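**Q** These protein sequence lines are chains A and B, in that order.
Just so you know, we're using the numbering used here here: the first sequence kicks off at 1 and counts up by one.
Just so you know, we're using the numbering used here here: the second sequence kicks off at 1 and counts up by one.
There may be inaccurate statements among the hints.
Cβ pair distances, simulated, as ranges [stated by the list, open to error]:
1. Asn-235/B <-> Ala-3/A: 40 to 50 Å
2. Val-542/B <-> Asp-47/A: 39 to 49 Å
3. Gly-248/A <-> Glu-546/B: 32 to 42 Å
With a cut-off of at most 25 Å between alpha-carbon atoms, the simulated BS3-like pairs for lysine-lysine come out as follows [to be verified]:
4. Lys-570/B <-> Lys-162/A
5. Lys-395/B <-> Lys-335/B
6. Lys-162/A <-> Lys-317/B
7. Lys-91/A <-> Lys-156/B
Since the hints were derived computationally from the structure, they do not count as laboratory data.
Please read these numbers as outputs of a predicted model, since none were measured by experiment.
Built from N, CA and C at the ideal position, the CB exists for glycine as well.
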Amino acid sequence: MLAYFIRRLLINIPLLVGITIIVFVLASLMPGDAVLAMISSDTPVTDDMIKMRQGELGLDLPLHEQYLRWMGNIIQGNLGYSFVSAESVSKMIVSRIPATLELMGVSLSISIILGLTLGTISALKQYSWMDYGFTVFGFIGISIPDFFLGMVLVFVFALKLKWFPTSGFITAGEEFSLADNLRHVFLPALALALVRTAVFMRYTRASVLEVLGNDYVRTARAKGLLQNVIILRHVMRNALIPVITIIGVNLGVLFAGSVIIETIFQWPGIGMMFINAVTGRDSPVIMGYVLLTSMIVLASNLLTDLAYSLVDPRIRYE
Amino acid sequence: MNKLYKVLSFVLLAVFLLSACAPAATATTAPEQPTAEPTAVPATEAPAPEATAVPEQPAASTGPAGVLRLPLRPGVTVGSLWTAAGRHLDEAFLSGLVAVKWTADGVQPMLAESWEMEGEGTAFIFKLRQGVKWSDGESFTADDVLYTFSIYANPKVGAIHAGKLADVVGYADVKDGKTETLAGVTKVDDYTVRVELSTKSPLFVELKVPFISILPAHILASIPADQLKGNDYWNKVVGTGPFVMTNMVQDQLVEGAANPNYFEGQPKLEKIVFQVYADSNTMLAALEAGEIDGMLYQGGGIPVDQVSRFEALPNLKVFGNMDAGLPTFLLVNLKKDYFQDVRVRQAMMYAIDRKTIIETVKLGTGSVSNTMFPGAWARNDADLTDYQYDPEKAKALLAEAGWDSTRQIDLQRYYTDQVNKDTVDAIASMLQEVGINAVVREVKSAEFQASVDDGSLELAYAANGQGLDPSLGFLVTGCGQRLAVGYCNEQVDALYAQGQASADRAVRAPAYQEISKLLNADLPKVWLWWEVRPVAFDTRIVGLAEHYTEQPLLMFDIPVYNEIHLWYTK
Numbered sequence: 001m002l003a004y005f006i007r008r009l010l011i012n013i014p015l016l017v018g019i020t021i022i023v024f025v026l027a028s029l030m031p032g033d034a035v036l037a038m039i040s041s042d043t044p045v046t047d048d049m050i051k052m053r054q055g056e057l058g059l060d061l062p063l064h065e066q067y068l069r070w071m072g073n074i075i076q077g078n079l080g081y082s083f084v085s086a087e088s089v090s091k092m093i094v095s096r097i098p099a100t101l102e103l104m105g106v107s108l109s110i111s112i113i114l115g116l117t118l119g120t121i122s123a124l125k126q127y128s129w130m131d132y133g134f135t136v137f138g139f140i141g142i143s144i145p146d147f148f149l150g151m152v153l154v155f156v157f158a159l160k161l162k163w164f165p166t167s168g169f170i171t172a173g174e175e176f177s178l179a180d181n182l183r184h185v186f187l188p189a190l191a192l193a194l195v196r197t198a199v200f201m202r203y204t205r206a207s208v209l210e211v212l213g214n215d216y217v218r219t220a221r222a223k224g225l226l227q228n229v230i231i232l233r234h235v236m237r238n239a240l241i242p243v244i245t246i247i248g249v250n251l252g253v254l255f256a257g258s259v260i261i262e263t264i265f266q267w268p269g270i271g272m273m274f275i276n277a278v279t280g281r282d283s284p285v286i287m288g289y290v291l292l293t294s295m296i297v298l299a300s301n302l303l304t305d306l307a308y309s310l311v312d313p314r315i316r317y318e
Numbered sequence: 001m002n003k004l005y006k007v008l009s010f011v012l013l014a015v016f017l018l019s020a021c022a023p024a025a026t027a028t029t030a031p032e033q034p035t036a037e038p039t040a041v042p043a044t045e046a047p048a049p050e051a052t053a054v055p056e057q058p059a060a061s062t063g064p065a066g067v068l069r070l071p072l073r074p075g076v077t078v079g080s081l082w083t084a085a086g087r088h089l090d091e092a093f094l095s096g097l098v099a100v101k102w103t104a105d106g107v108q109p110m111l112a113e114s115w116e117m118e119g120e121g122t123a124f125i126f127k128l129r130q131g132v133k134w135s136d137g138e139s140f141t142a143d144d145v146l147y148t149f150s151i152y153a154n155p156k157v158g159a160i161h162a163g164k165l166a167d168v169v170g171y172a173d174v175k176d177g178k179t180e181t182l183a184g185v186t187k188v189d190d191y192t193v194r195v196e197l198s199t200k201s202p203l204f205v206e207l208k209v210p211f212i213s214i215l216p217a218h219i220l221a222s223i224p225a226d227q228l229k230g231n232d233y234w235n236k237v238v239g240t241g242p243f244v245m246t247n248m249v250q251d252q253l254v255e256g257a258a259n260p261n262y263f264e265g266q267p268k269l270e271k272i273v274f275q276v277y278a279d280s281n282t283m284l285a286a287l288e289a290g291e292i293d294g295m296l297y298q299g300g301g302i303p304v305d306q307v308s309r310f311e312a313l314p315n316l317k318v319f320g321n322m323d324a325g326l327p328t329f330l331l332v333n334l335k336k337d338y339f340q341d342v343r344v345r346q347a348m349m350y351a352i353d354r355k356t357i358i359e360t361v362k363l364g365t366g367s368v369s370n371t372m373f374p375g376a377w378a379r380n381d382a383d384l385t386d387y388q389y390d391p392e393k394a395k396a397l398l399a400e401a402g403w404d405s406t407r408q409i410d411l412q413r414y415y416t417d418q419v420n421k422d423t424v425d426a427i428a429s430m431l432q433e434v435g436i437n438a439v440v441r442e443v444k445s446a447e448f449q450a451s452v453d454d455g456s457l458e459l460a461y462a463a464n465g466q467g468l469d470p471s472l473g474f475l476v477t478g479c480g481q482r483l484a485v486g487y488c489n490e491q492v493d494a495l496y497a498q499g500q501a502s503a504d505r506a507v508r509a510p511a512y513q514e515i516s517k518l519l520n521a522d523l524p525k526v527w528l529w530w531e532v533r534p535v536a537f538d539t540r541i542v543g544l545a546e547h548y549t550e551q552p553l554l555m556f557d558i559p560v561y562n563e564i565h566l567w568y569t570k
C-alpha cells in the first residue's frame, strides 16, 4: 500500500511538469505581454520605455529560458512575483483563497441540501406533478449558463426587489459584519448552485428509486415501520453512497473558484485573480494558479483511489 | 408532509419562473421606454423604502452618511507610479505640487504655494507650503520633492509618468543608470525647490508637474528603487492628501478617513471608499442600485444606449453628453505600402458616413471631426476639408490609387460594449461598400499593442485622450512615435515645438491650427469624431455632481477632485 502510494506520488511529478510546460507555452502564445497589456493608447508610452520594462521582467529572453527561470524558482519554493503588481504570487493566492472557499462552500451547501431534498421527493413521488416539475427544473438548471442566471438574479433580486446587493464582498464604507457578507454571497452562490443542484437532484432520484426496489425496504415495510423511519434509516443511508462520490468529485472547485461568476459579482476570489492575470498577461500569476489547481486535481484523484480501497476491501493496490 | 412538499415546490417554481421571465421584461422595456422602468417596480410588495418614495424626495439615504463611494478599476491598487488610473487614488491620499483645475483652465497651487519661471521657461522655482504634515506627523519639506522627482525618473522604478520629466536637466543620466539623483532638481532651502530644464518649456508646470504626486522621503528613501513596486507602503499610503488610507484589500476596496490636518482644511466627508470593479456592467448595476456614488473615465462611462435608463433614476444626475476630449479615429499602419497613398486614406474618409453613424448608432452623441484636436482654439475649421460622405468619390480615389479590392484588411476593435461593436460594424460595411474589404476582429488591448510593435497592425478603431492639451497629440502624430505608426511630417514636429514655446494660448494657437490643417490633409489617421463619455453621479453627495456641472470635459487620467474636502452628504 505504502509502496503504491509513493509510486503514484512519483508519477504525478512528471505529469505536473508536463502540465506546466503546456500552459506556459499556451500562455506565451497569447499575443502581447505584461508590459503591453499595462499601457493604453490613451497614454502612449515611448518605445524604449517598453523595451526597458520588457528587459526587466525577462520577457525578452527565449521561451525555454523563461520557463527554466520560473521552474528554478519553483524548486526553491518560490512561486515568483506578479509582473503587474510585483506582489508575491503565493501571497496573492493565499489572500484570495478564503473568499473563493466561502463562495464555493456556500454554493455547494445550497446545491447539496436542495439537490438531496428535491431528488428524494422526486423519487418518493415518482410520476407525480412534483416529480415532473422538478425534472423540468433540473433540465432548465443544467441548460442555463451560470453567468446568464447571475445577471438575471442581479436584475430581479438586486435592482428590482432590492433584497440583495448587486456585487462585492461587503457593503462599501461599512465595517465587516458576517450578516452583511452573507447577504453579498447569496446571489453569486445561488447562480453557481443551480447547475449542481440539478445534477445532485437527478443522481439522488435515480439512486433512491433503485434502493426503494430492494427486498430489505419491502421487509421494513412489512414489519410495520413508519414511512419516515424507513426512508431516513434504510433508504437514504444506502442511496447516498453514489451521491457522495459525485459530491466528492465536485469538491475540487472549492479551490478553483469560478472565473465568470466571481467577475460578474466582483467577488475577490481566486477566479477573478486568474482572469485579471490572463488579460494582464501576468504569467507568474497564471502559472501559480495552474500549478495550484492541477496539484489539487492530482491529489484528489490519488485520494479518491485510496479511499476506494478503504471503503471496499475487495480493491487492493500493489 | 404532503403539504410541505407542495409549498416547497411551489416556492421553488415561483422563484424560478420569476427569474425566467425577468430578462424578457428588460429587453422590451429598457431601450424604448426608459421612463416606464420606475413604475414597473412593484411598490406593493417591495419592502425597500425607495420604491414608495415620491420623485421630489429622491431616496437620498441610499448610502451611509459622510461616506463617498467611488468605483475603481482593478490593478490600480498596485500604486500610482505604475498605473495611469492610479491618479484617482493619488488625488485622495497624496498631493502634487500643483493640480489641474476641474474648470480645465490651468493649474492651482497645492503643495507648492507659488512658483516663478526663470527666463523663458528654462527653470522654475517652487515656494512650498509650510506647516504641511504627512499623515504620520512628519513635516513635508523640499527633501520630499527632491526624492520624488528622482524616483519618478528612475528607470528601475519604471514609473508610467517618467517621461514627463524628460526635459529636466540630468534626466538622461538617470535614465542611463549613471546616477539616481536628478541633477536639475535642487533645494534652495527647506521650502524652496528649483527645477532646471534642458530646453525652454514654459508649460512645464501646467502639463507635466500635475502628474507627479509627492511621496514621503522619510519613509521611502531607504528603500532601493527596484523594490519600490510591491512595497507594503502602497497598502498603507502615508500622504498629504485630503484622506488618509486606512485599508486596502486587493481586487476589493481601498478606504480612507478624513485627514484632520489636510492643508486645505479637514474634509467634511468622514470617509472615502473606492470599490474595485473588474466588469463595467457590474459597476453600472452598483450605481443603479445606489451602492456607489459616481463613476470614472476609465470605466468607459455609461454606454450611450443606456443613458436614458439612468436618467430615469431619481437619485442620479446624468451627464449624457460629457465631452471626453477624445479624438476617435481609425489607426492606420502607414508602414504598409498599400496604405501609403494618401488617396486611399481620403477614400476611407469619404466612404464612412460619419454623420449617419453618429445620428443612429451613437444616438446623437459626439461630433464629427476632420482633424485631431478636440479643443476649438487649436483648430480653424474654415481651413479644413470636411470630407462629406461621398462613396462615388471614394471609389474613384481608390481606382486612381490602384487599390486591390480583393485584399482583406484586418480592422481591430478592443472596445466590447454594444454601441462600439455596432459602430465598428457600420464602419466596416461602409468600407466594404467602396471596395475596401475590412473585416472586424475583436482583440484584447495587449494584442492590439503587440500588433503595433510587430507591424501586423492594419486598421484599428482607436482613440487618444487629449483633454488636457493639444501638445499631447505629438505622441500619436510626431515623427518616430510609436502610435504614429509610420507617419512623419517634419513640419508638424516643428509646429509642435513652436506650440510649446509659450504658455500663452493666443501665441500657441496658430501653431496648433496649422498642425490641424496638415493632419486634415495628410490623414495620418482616418478621423472620425470627438467622443463623449456619459457619466452619472448620486446627488446625495453635495459637491460631486455640481463639480461635474462646471467641468467642461473629462480628462483622461486626471480626476480633478481638488475641492473634494468641501463635499458632504445630504
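**Q** Each hint needs a verdict: does it hold in this structure or not?
**A** So, going through the hints one by one against the coordinates:
The beta-carbon spacing between Asn-235/B and Ala-3/A, approximately 48 Å, falls within the hinted interval of 40 to 50 Å. For the hinted restraint 39 to 49 Å between Val-542/B and Asp-47/A, the CB-CB distance of approximately 46 Å keeps it satisfied. Take Gly-248/A and Glu-546/B: their Cβ atoms lie about 58 Å apart, and the range 32 to 42 Å is violated. Between Lys-570/B and Lys-162/A the CA atoms are separated by roughly 22 Å; this keeps the pair inside 25 Å, and the hint holds.
Between Lys-395/B and Lys-335/B the CA atoms are separated by roughly 23 Å; this keeps the pair inside 25 Å, and the hint holds. For a cut-off of 25 Å, the pair hint linking Lys-162/A to Lys-317/B stands: about 21 Å separates their Cα positions. Simply put, Lys-91/A and Lys-156/B have alpha-carbon atoms about 23 Å apart, close enough for the 25 Å limit, and the pair holds.
Violated hint for the displayed structure: number 3, the only one.
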